Amino acid sequence: MEFRIAADELRKALHRAQGIVERKTTMPILANVLVNATKSGVTVTAFDLDIGIVSEHPAEVLKPGSVTLSAKTLFDIVANLPEPTLNVKKLQNNYAEITCGSASYRIVGMASEEFPKLPKEENAPLVKVSGNTLLEMIKKTSFAISSDETRYILNGVFFEPREGGKVRMVATDGHRLCLIERDLVGDFKLKGGVIIPRKGLFELKRLLEEAPDAECSLGFAESSALFKKPGLSMVMRLIDGQFPEYQRVIPKEGEKQVVVSRNRLFDSLKRIALLSADKSNAIKLALADSQVRITANNPDLGEAKDDIEVPYKGAALTVGFNARYLIDILTVTESDDVVIELGDEHSPGVLHTPGDKSYTAVVMPMRV
Amino acid sequence: MDAFYASVEQRDDPRLRGKPVIVGGHPTRGVVLAASYEVRPFGVRSAMPMSRAVRLAPQAIVVSPRFTAYADASDQVFGIFEKVTPLIEPLSLDEAFLDVTGSLNLFGPPATIARQLRASIAREVELPCSAGIAEAKFEAKIASDLAKPDGQREVPAGTSREFLAPLPISRLWGVGPRTEEHLKAVGLKTIGDVAARALPDLERVLGDSGRHLWELSQGIDDRPVVPDREAKSIGAQDTFEEDVMGRDGLVHQLHSQALRVGRRLRRAKVKARVVQLSIKYSDFTLITRRRTLDEPTDDGQTLYREACALLDRVDLRRPVRLTGVSAQELGQGEGQLGLFAPQGPTRTDKLNRAIDAISSKFGTAAIVTADLAGDAPESEEEERIRRELGAARPKKPPASS
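Protein chains in written order, with the numbering used here: chain A, 1 to 368; chain L, 1001 to 1401.
Isolated chain A (complex conformation) (with noise of 0.2 Å):
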């Protein structure tokens, strides 16, 4: 195996690879990259055997092969290279010579032969999807999903096509939920949802969030889902599981509804939160008579109040809530009101875009 490649392209390949590689893996290949060079160009290939990546690159290739190498070190090499072209070139045993300009490396590799193979899923049909909805989809959904193990049907978002050519997103920990839908036209054949971890769903942002507008397409298998974008391929392992009814939940219509300014609502809930007490992020809002209060008390600090002017009119009623959740929410707001709706003390609070459902979260309350 030999050939020249740019250094820009091997860095974007590794860069890619980064998040998956296991660095603490009890299977040291898995820290490795697969590297391939065919009379088309270069793959460069990450897998922890759950998520797989294969990114393509433009390569003069002199001579056709394989090796995986360390992909810590490669790409600290590749990073501080003094030329923007390099020569790779496989030795014996797996050693690969790297060269540029004055400088050589000559590093140890392992044999391409021991790298556990990717799924293969071709035959799972793949939807043409938009990357900037996909991508708004992950963001205002995956800060939702729970980082409790022990719950690790909770550990991944739930995928659900619906009619009309809509997906639904919907992710929660047990606390708080979020669900998202939007246009994503096509046939999955999926029957019901599937849910697709954490892992696999923060580098698929990665990727998307590298160029959002290229074309890409999504696709599931038996127990996979498949990515693709020009040059990248993705593979990852489903969670196998029944998600909850997450239906369920979703209160119809709350009571009590209150318009308030997105902006207004964030700043407040950061600064009074200041004073809520430590680990539980506990803040009381009170909706009366045309506004709504927001209080923190800490025992050890002191007590904070900030009073928002809303249109309310119905009936007094306070409830404690984390203020991160509220927070969390808000941040992925664009629009300038948020509506909210509660029952009591003890019911979910619904937050969403005024005559806007397509994106609500859920959160349930705190007792303070």
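For the record, the hints were derived by calculation from the structure and aren't laboratory data.
Careful, some of the hints might be misleading.
[As the list claims (entries may be wrong)] Derived Cβ-Cβ restraints for the label pairs, each shown as a range:
| hint | chain 1 | residue 1 | chain 2 | residue 2 | range |
| --- | --- | --- | --- | --- | --- |
| 1 | L | Ala-1071 | A | Glu-309 | 53 to 59 Å |
| 2 | A | Lys-270 | L | Pro-1109 | 55 to 61 Å |
| 3 | L | Arg-1223 | A | Lys-139 | 55 to 61 Å |
| 4 | A | Glu-255 | L | Ala-1071 | 41 to 47 Å |
| 5 | L | Ala-1366 | A | Lys-270 | 54 to 60 Å |
| 6 | L | Asp-1145 | A | Ser-147 | 52 to 58 Å |
[What the hints assert, rightly or not] Not close to chain A: a few residues of chain L, all C-beta gaps over 10 Å, as computed:
| hint | residue |
| --- | --- |
| 7 | Glu-1181 |
| 8 | Leu-1206 |
| 9 | Thr-1369 |
[As the list claims (entries may be wrong)] Every beta carbon over 12 Å from chain L, so not counted as near; a handful from chain A, in silico:
| hint | residue |
| --- | --- |
| 10 | Ile-107 |
| 11 | Phe-143 |
| 12 | Leu-154 |
Just so you know, these numbers come straight off a predicted model, no measurement behind them.
For glycine and all other residues, C-beta sits at the position ideal for the given N, C-alpha and C.
Given the coordinates of chain A, work out where chain L should sit on it, guided by the hints.
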């Protein structure tokens, strides 16, 4: 209360009045739970093995305990206390500290309050009791012990040292038989002897506890009266009669303990966030393992499952002498609510409610889980007594272990 259980028995059965009465469990394995004043001259004392008590006083009438009756009497007595002050720290079913500082303007000086309380108890509950009045809790306790039976004694402010000086050092809190021996060996027989020593001297002889004992001997004790509802943890622990090897024998006892803790949590209307398992090996080394729960609980079965999971993190190749399950970080269930958590009472809540209702009417032995069926009937009061007396639980592990 004076000879509490025995007094209740004498109250309820005229034939026992004026007679030597022992309230106790099993005649060979049990311990004396209470001895009437008529039997005390023979040397019978609480916590003494029944076999010995019966030898000392063969003519005594032995009565099986009726815990429900004692609990009822106790409730009545505490009800009388509550009319005087909310600051009541129960020490046991029949003993409590009352802080009456705030009640003096209403009810008069402490001695008057004590006299009125004792009169109310005699009239309404028909039981004798004694009171000690002092500025510090431990002095009040000693004064009350000295006033028994059916009396009261006040240690006027500023006279603590004189009051304490002639008393034997075993009267001091924290002085057990071993410390007592140690103190006697260095020439300290009375509390006055301790008070007369220089503090550095005592610290050299007694280490860290030197300062504590010295302060007590001076009548210095600023521990406040802490009402029970502010308890920090609720636990159950038992010592095996014989050390137990292996998981099977231990989980049986853990189950019983976890269920008892669950019952007490529910009665106190609190839920626990943390479960702690304690294991004491035969060489007296004590280890603890704890876990924070996802959701606070008052369910004994949940505590049991957690305790078993914790047990798997413990070395079980050594003989075990004691196990304990304790529920900590108690609260009224405040904090983050769950989206998928069922609204309203769960099946478990309903089951526990039913079990509690049955137990309160027919006793805790009336309904037990199958694995515990056939064990010695369990009572909260019995358990409390065992805890206080540090007595072994009269129960063998199952034969399978």
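Structure-based check of each hint:
{"no.": "1", "hint": "L:Ala-1071 - A:Glu-309: 53 to 59 Å", "result": "holds, 57 Å"}
{"no.": "2", "hint": "A:Lys-270 - L:Pro-1109: 55 to 61 Å", "result": "holds, 57 Å"}
{"no.": "3", "hint": "L:Arg-1223 - A:Lys-139: 55 to 61 Å", "result": "holds, 57 Å"}
{"no.": "4", "hint": "A:Glu-255 - L:Ala-1071: 41 to 47 Å", "result": "holds, 46 Å"}
{"no.": "5", "hint": "L:Ala-1366 - A:Lys-270: 54 to 60 Å", "result": "holds, 57 Å"}
{"no.": "6", "hint": "L:Asp-1145 - A:Ser-147: 52 to 58 Å", "result": "holds, 57 Å"}
{"no.": "7", "hint": "Glu-1181", "result": "holds, 46 Å"}
{"no.": "8", "hint": "Leu-1206", "result": "holds, 37 Å"}
{"no.": "9", "hint": "Thr-1369", "result": "holds, 26 Å"}
{"no.": "10", "hint": "Ile-107", "result": "holds, 43 Å"}
{"no.": "11", "hint": "Phe-143", "result": "holds, 15 Å"}
{"no.": "12", "hint": "Leu-154", "result": "violated, 9 Å"}
Checked against the numbered hints listed earlier, the structure breaks hint 12 alone; every other hint is satisfied.
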